[in-house]
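Trainee: Please model the complete structure; the sequences and the hints are all you need to start from.
So the sequences go chain by chain: A and B. Residue 1 in our numbering sits at position 1 of the first sequence; the count goes up by one each step and never skips. One gets our numbering by counting positions in the second sequence from 1 and adding 1000 to each.
Since the hints were made in silico from the structure, they are not lab data. Quick reminder that beta carbons are idealized off the backbone N, C-alpha and C, glycines included. A couple of the hints might just be wrong.
The following residues of chain B were derived to be distant from chain A, with all beta-carbon distances above 10 Å [unchecked claim]:
| id | residue |
| --- | --- |
| 1 | 1047 |
| 2 | 1063 |
| 3 | 1125 |
| 4 | 1177 |
| 5 | 1239 |
| 6 | 1252 |
| 7 | 1259 |
| 8 | 1318 |
| 9 | 1324 |
| 10 | 1473 |
Quick list of simulated restraints, FRET-style, between CB atoms [to be verified]:
| id | chain 1 | residue 1 | chain 2 | residue 2 | range |
| --- | --- | --- | --- | --- | --- |
| 11 | A | 86 | B | 1141 | 38 to 48 Å |
| 12 | B | 1353 | A | 224 | 30 to 40 Å |
| 13 | B | 1259 | A | 144 | 27 to 37 Å |
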Amino acid sequence: MATTVHEPPKIDRRDPPRPTGNSGNGGGRGPVPADGKLPGVKDYSPPPASTGIWVVLASISMSFAAFTSALIVRQGSALDWRHLTLPRILYLNTLVLFASSFALEVARRRVDAFMSGRKDQAARPTRWLYIALFLGLLFVAGQYVAWMQLRSQGLFLATNPNSSFFYVLTAVHAVHVLGGLGGLGRVIRRLNKSILRKSTLDATAFYWHFMDALWVYLLLLLWMKL
Amino acid sequence: MHDMSKHEAVAHHAPTSFIAKHIFSLDHKVIGKQYYGLALLAALVGMGLSWLMRLHLGWTSLAIPGLQLLTKNGAPGNVMTPEFYLQLMTMHATIMVFFVLTTAPFAAFGNYFLPIQVGAEDMPFPHFNMMSFWVTFVAFLVLVSSFFVGQGPTLGGWTQYAPLSAIGEVGGPGEGTGVVLWAISIGLFCVGQLLGALNFITTTLDMRTRGMSLWRLPLSAWAWFITSCMGLTAFAVLMPACILLILDHVAGTSFFVPGNIVINDQMQPHSGGSTLLWQHLFWFFGHPEVYIAIVPGMGIVSHVLITNMRKPMLSHRVLVYSMGALAVLSYMVYGHHMFVSGMNPVSSLAFSFPTLVITIPSTILVLIWLGSLYGAKLRINAASLFGLGFISMFISGGVSGFFLAQPSTDIMLHATYFVVGHFHMVMGVAAMFGIFAGTYFWFPKMFGRMMNETLGKVHFWLSFVGAYAIFMPFHYLGLAGNVRRYQAFTPDYMQPLIPLHRFITVSALITGAAQLVFLYNLIHSRFRGEPATDNPWQATSLEWSTPTTPPPHNNFGDKLPVVYHDPYQYGVEGSVGDYVMQTSPEKVKTASDEA
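Mentor: Structural data, given as structure tokens:
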């Protein structure tokens, strides 16, 4: 039976703004006027998770940009670049990852509707979260199958630069997906305890969708370059 | 609705157990002190290694008692082998650049003071913050452990140029396990720094208290913010490079090792790798790293000098813009480290131009400091002296950068001591002076006691004169053609330079010993120093507004401060003196307020 959320989880709502209190207000939006009158100050700061997720994604993007440039430079540095046919299961894995993202987005919207008061009860969000989690795990398992298929063809990490980059890029992406699965597990736990913050769920979903985009990028890169 | 008066993300109760309070602490102040302790330990180790190197350079056949304890085969009869010299050099540089110059001014002071200066209770992700320190600590242990594993630490230099770094033990002692440990250590360090950058950026953007607009942030907070943005992008590139380097070792890949390399009559089992690829990846991190080391010092020194000048800098905003410009340009200039790498000469020209352009914001910074100091009645104390020393070192070391920025002169100077002198002054000693300025300035707030001023001034003058005595002659040595990274100077033309090397060695020993004065002052003052008041320097920023000294667990007690002013309201008529604190609702009419 799906978990029902009995009481409103504790959340930070972006809109309407917070009541004036002691909270940080990202003062750039409303510096205290010279006369020191505070009531007119717009007191609002985004929850740190909303900013933090951009910081995380910027860092991951830089890392994969570095890997990409390494691939391009390595390809041009010698004549040992060989053709490599991508295992077909990768395309199925892509669909699985997209489906996982879709499930998470359904859950996010349902929790969002509940938290913003549009619905009285969240309609089984945890079921969708578990689906997202399962599909995420399935994706990682699918990647493992792809590696096994390459192994059976005699293509190992050090066989040639193509296989090296294939393993490295897919493995580093899989590690990031596993990190996202950890985040997803945390979201489920906090939702079950009714202490989930909206910004945490949003950030997790954002990260998860970014994993889709990153995977599509990597797939295109591998397809074009390998 | 639940209480939103504080950021939930950071609201954690004051710990009660010893472990939660002092070891696995979530408190940014404790983490800041842990980083400081790590940096201090690393600095002592790094300095010890430099002493060993200098002794060997002065007297090549000298037996150094106990040297064998550090190495299996590197010191027969306690006399250093050339390979062991290179291992010491590599470890000295790695420890100093990563675990001292990055750790102390950015991670240590930034952790302690950034949340307080923005008016927050803590960083937004305290668990990540704690992880950041412990990952860095483990990284340090992994690095130092390479002294005691296999053939010792890597000898490839802190830049770890391929293919030497990627071919394994056949490249020399430490080039197998030593390099792998080095790469694991630096990879872990990157993780720690990325977690730190996440916290620093979100703290600055989201945790500012009411009234604390971006332009009301002190210059030190700006410097930490700009540095964290650099760290975020730079360390994110170094980490993939370390992963690929490790794979070249343990998995037999060929990312960085080209084919047809023969060592000791043996063809190496690699093919097609690019040695330049490593250099590009490394220096894309490496040059911003120079600014990661120095920009926090710029912010700290500006903050310290303003307090002691009792007037703001000529332009707060231009100073911030200049630090930002350094950060942006630092990514465009990294190729100037590669002028002699065999890179396309057109690329050299492309990297030379922004390298010369980056001197503009640097010069603006210096001119603002000097212009602001001109006519100021500067309070002379240990902190302000080290601030002046920072500027002096930055100028002296920076001027030689003009020569190195141009490929035509760099080709001659690149492999010489000229470069060693340049970067030690502009980045090493300057950043160290920034750390010292910050220590003398903030120690009262961190530990509730004053440091001994007389000892501080003695420490300054010995360090200042000593640093010039060590590093100025390096430029001369370089111009005379003295190659760097050599453990002995046997060619005829270098023989006359040996007395100068001995002078440098003696200077280094004395200057190093002078740091014991600082260490004594630090430890003695921690327990026996005069009790500090809440605001001993009559300063204005939020760290001096805490209800107690040191600040309580949540920094500001039950109520977060409200900010009414720009950070540096000095030279005004306030009710408590010639300053008005940021938290004071007193009306102060100044040019900056009107603007």
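Trainee: Of the hints given before, which are not true for this structure?
Mentor: 3, 5, 6, 7
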